[in-house]
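Chemist: Residues per chain are reported as follows:
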Amino acid sequence: MNPFVSKETKDTPQVTFSLQENKFEITGRSFPENSQAYYVPIINWINQTELNSSQKITLKVQLHYISSASTIALQQVFMAFEKQLLKGVNISIHWIYEEADEDSLESGKRYEQMSKLKFTFEAIP
Amino acid sequence: MPHNENIISVENILLADYNRIKTENSGKGKSILISHIGNITQETTVTISYFVENQLELRGTRQSLIKKTGNITIETLQNTMFHAEKNAGGFHLAYFIIAHNSNNEEYKIYSCNHVKNKDIAAIKIKIDEIKNSTIKELNDKYTEIQKKGEFTKTGGAGLGLLIVAIACNNRLDFHVTKTNDEYSLFCLNTTLN
Numbered sequence: 072m073n074p075f076v077s078k079e080t081k082d083t084p085q086v087t088f089s090l091q092e093n094k095f096e097i098t099g100r101s102f103p104e105n106s107q108a109y110y111v112p113i114i115n116w117i118n119q120t121e122l123n124s125s126q127k128i129t130l131k132v133q134l135h136y137i138s139s140a141s142t143i144a145l146q147q148v149f150m151a152f153e154k155q156l157l158k159g160v161n162i163s164i165h166w167i168y169e170e171a172d173e174d175s176l177e178s179g180k181r182y183e184q185m186s187k188l189k190f191t192f193e194a195i196p
Numbered sequence: 104m105p106h107n108e109n110i111i112s113v114e115n116i117l118l119a120d121y122n123r124i125k126t127e128n129s130g131k132g133k134s135i136l137i138s139h140i141g142n143i144t145q146e147t148t149v150t151i152s153y154f155v156e157n158q159l160e161l162r163g164t165r166q167s168l169i170k171k172t173g174n175i176t177i178e179t180l181q182n183t184m185f186h187a188e189k190n191a192g193g194f195h196l197a198y199f200i201i202a203h204n205s206n207n208e209e210y211k212i213y214s215c216n217h218v219k220n221k222d223i224a225a226i227k228i229k230i231d232e233i234k235n236s237t238i239k240e241l242n243d244k245y246t247e248i249q250k251k252g253e254f255t256k257t258g259g260a261g262l263g264l265l266i267v268a269i270a271c272n273n274r275l276d277f278h279v280t281k282t283n284d285e286y287s288l289f290c291l292n293t294t295l296n
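Protein chains in written order, with the working numbering: chain A, 72 to 196; chain X, 104 to 296.
The set of hints was computed from the structure by calculation and includes no laboratory data.
Any given hint might turn out to be false.
To be verified - Stretch by stretch, here's where chain A covers chain X in the computed footprint (C-beta under 8 Å, at least three residues): (1) 162-169; (2) 177-185; (3) 222-235.
As the list claims (entries may be wrong) - The list that follows gives simulated cross-link-like pairs (lysine-lysine, DSSO-like), each with its CA atoms no further than 27 Å apart: (4) Lys189(A) to Lys239(X); (5) Lys250(X) to Lys131(A); (6) Lys154(A) to Lys244(X); (7) Lys239(X) to Lys180(A); (8) Lys127(A) to Lys180(A); (9) Lys180(A) to Lys234(X); (10) Lys81(A) to Lys189(X); (11) Lys189(X) to Lys221(X); (12) Lys187(A) to Lys244(X); (13) Lys189(X) to Lys229(X).
Unchecked claim - Non-contacting residues of chain X with respect to chain A, defined by C-beta distances greater than 10 Å in every case (computed): (14) Ser112; (15) Asn204; (16) Phe277; (17) Leu295.
Computed from a predicted model, the values in this text were never measured in an experiment.
Glycine is no exception: its CB is placed at the ideal position from the N, C-alpha and C atoms.
Could you put the whole structure together from the sequences, leaning on the hints where they help?
Modeler: Dropping the structure here:
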């Protein structure tokens with residue numbers, strides 16, 4: 072399956088899902104006008120891709136702003152990766168946030184609570 | 104009242120409220136960080152959110168407050184974009200203002216838009232429910248909605264107002280001004296420090 076790449080814009084994140092490079096990340100800002108339309112292709116890619124169960128996949132998430140609609144969309148992304156986890160794929164989430172951004176940490180913790188995926192957290196200056 | 108006079112009257116009410124807020128927030132230690140009156144589009148939301156962030160950084164505002172202000176800005180503007188009524192010309196009758204008071208280091212965010220009178224009761228109930236909730240209850244409600252992972256027609260699943268309330272520690276208030284038989288102006292303000 073071809074990688075999924077979506078370049079960062081002022082209101083949408085950089086999304087890179089590449090099996091070949093083992094690079095999985097969602098970084099930037101997420102408040103598109105239509106979050107559902109933006110994230111559906113991403114979720115479809117996850118659902119339609121045969122992920123290698125012997126490969127350790129870490130999805131790096133670093134979002135400066137995430138709108139309410141994107142919050143729901145990201146929940147759906149994690150739910151799609153959870154389905155892969157249940158198929159035996161070794162996948163975890165690495166949530167990166169700015170040290171002073173307690174809201175982002177709380178947001179990550181909230182996703183962690185709702186998910187079977189393993190989360191790790193990294194604070195950056 | 105003839106159609107054109109009706110529109111002008113509504114616009115005058117909006118403009119009067121907009122100018123009132125700007126006047127109230129001028130004077131010693133008070134300033135307007137940004138003010139916008141008129142249509143709200145995604146481009147407006149992007150431009151204003153970046154401007155607000157840059158201005159707050161220039162003022163040396165602490166990062167957590169910049170973030171909260173940014174979150175409220177995005178949610179409020181997108182809420183107007185998705186939910187506010189438009190006039191016959193296809194434009195929102197709306198405003199957005201952020202005011203700063205250096206006497207107590209408070210930021211106040213004001214937003215106002217046109218809504219149908221038949222929708223006002225439901226909006227009031229929702230906001231009163233939020234205002235009467237503790238932060239823990241708001242967070243629990245947020246978690247409950249997020250867990251479902253379901254979009255509403257406009258995408259937010261009702262999280263927008265919760266995000267705003269949590270960001271401002273539930274320091275929000277509203278007023279409604281009836282403009283004619285069909286519409287009212289719904290104005291929300293939040294306080295951050």
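Chemist: Indicate, hint by hint, whether the structure satisfies it.
Modeler: Structure-based check of each hint:
| no. | hint | in the structure |
| --- | --- | --- |
| 1 | 162-169 | holds (count 3) |
| 2 | 177-185 | holds (count 4) |
| 3 | 222-235 | violated (count 0) |
| 4 | Lys189(A) to Lys239(X) | 25 Å, holds |
| 5 | Lys250(X) to Lys131(A) | 21 Å, holds |
| 6 | Lys154(A) to Lys244(X) | 25 Å, holds |
| 7 | Lys239(X) to Lys180(A) | 15 Å, holds |
| 8 | Lys127(A) to Lys180(A) | 22 Å, holds |
| 9 | Lys180(A) to Lys234(X) | 25 Å, holds |
| 10 | Lys81(A) to Lys189(X) | 26 Å, holds |
| 11 | Lys189(X) to Lys221(X) | 15 Å, holds |
| 12 | Lys187(A) to Lys244(X) | 20 Å, holds |
| 13 | Lys189(X) to Lys229(X) | 22 Å, holds |
| 14 | Ser112 | 31 Å, holds |
| 15 | Asn204 | 22 Å, holds |
| 16 | Phe277 | 18 Å, holds |
| 17 | Leu295 | 12 Å, holds |
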